[in-house]
Amino acid sequence: MVQDEPAHGTHYKVDASGRIGEVVGTHPGSVCLRPPGGGREWAVPPDALRDPTPSELERALILSTPVVSR
1 MVQDEPAHGT HYKVDASGRI GEVVGTHPGS VCLRPPGGGR EWAVPPDALR DPTPSELERA
61 LILSTPVVSR
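With my numbering, the residue at position 23 of the sequence shown is 23, and numbering never jumps.
Hints in this document: simulated from the structure, not taken from any laboratory.
Since this is a predicted model, take the numbers as computed values, not measurements.
Hints may be right or wrong, so weigh each one.
What the hints assert, rightly or not - Derived CB-CB ranges, DEER-like: (1) S69 <-> R34: 16 to 26 Å; (2) G29 <-> D51: 36 to 46 Å; (3) R70 <-> G29: 21 to 31 Å; (4) V68 <-> S30: 28 to 38 Å; (5) P28 <-> P66: 15 to 25 Å; (6) V24 <-> E58: 16 to 26 Å; (7) R50 <-> R70: 19 to 29 Å; (8) S69 <-> C32: 27 to 37 Å; (9) V67 <-> R34: 10 to 20 Å; (10) V67 <-> P28: 29 to 39 Å; (11) I62 <-> S17: 14 to 24 Å; (12) C32 <-> L63: 10 to 20 Å; (13) A16 <-> S64: 17 to 27 Å; (14) S69 <-> P45: 23 to 33 Å.
Beta carbons: idealized from backbone N, C-alpha and C, even for Gly.
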């Protein structure tokens, strides 16, 4: 678990329920996350966050990559 609040712009963290999100803001006692690729934000206590595993991070990066059509 993360002890300090992660900085805004920290790429990805995983909450206690296993959802991965990008840190988009912090407030006293909570961290705001947004799912990879966009969507509804949610807030969690900073001590409920952990760094993603390599496979979780890879999945988040794939989901957040824009699709380019030719």
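Starting from the hint 16 to 26 Å, judge whether the C-beta atoms of S69 and R34 obey it.
-> Given range 16 to 26 Å: holds, Cβ gap about 24 Å.
Determine whether the Cβ-Cβ distance between S69 and C32 falls within the hinted range of 27 to 37 Å.
-> 31 Å, holds
Quick one: are P28 and P66 within 15 to 25 Å, going by C-beta?
-> With Cβ atoms ~34 Å apart, the hint is violated.
Status of the given 29 to 39 Å range, CB of P28 versus CB of V67 = 38 Å, holds
If you check the beta carbons of V24 and E58, does the distance land in 16 to 26 Å?
-> 21 Å, holds
Is the hinted range of 17 to 27 Å satisfied by the C-beta distance from A16 to S64?
-> 22 Å, holds
Taking the beta carbons of V68 and S30, is their distance inside 28 to 38 Å?
-> 35 Å, holds
Between G29 and D51, is the Cβ distance one that fits in 36 to 46 Å?
-> 20 Å, violated
Given a hinted range of 10 to 20 Å, is it respected by the beta-carbon distance of V67 and R34?
-> 18 Å, holds
Holds or violated: 14 to 24 Å for the Cβ distance of I62 and S17?
-> Holds - the Cβ-Cβ distance for I62 and S17, about 21 Å, lies within 14 to 24 Å.
Per the hint of 23 to 33 Å, is the separation of the Cβ atoms of S69 and P45 within bounds?
-> Given about 40 Å between the Cβ atoms, the range is violated.
Determine whether the Cβ-Cβ distance between C32 and L63 falls within the hinted range of 10 to 20 Å.
-> 18 Å, holds
In the structure shown, a violation is registered for the earlier hints numbered 2, 3, 5, 7, 14, in ascending order.
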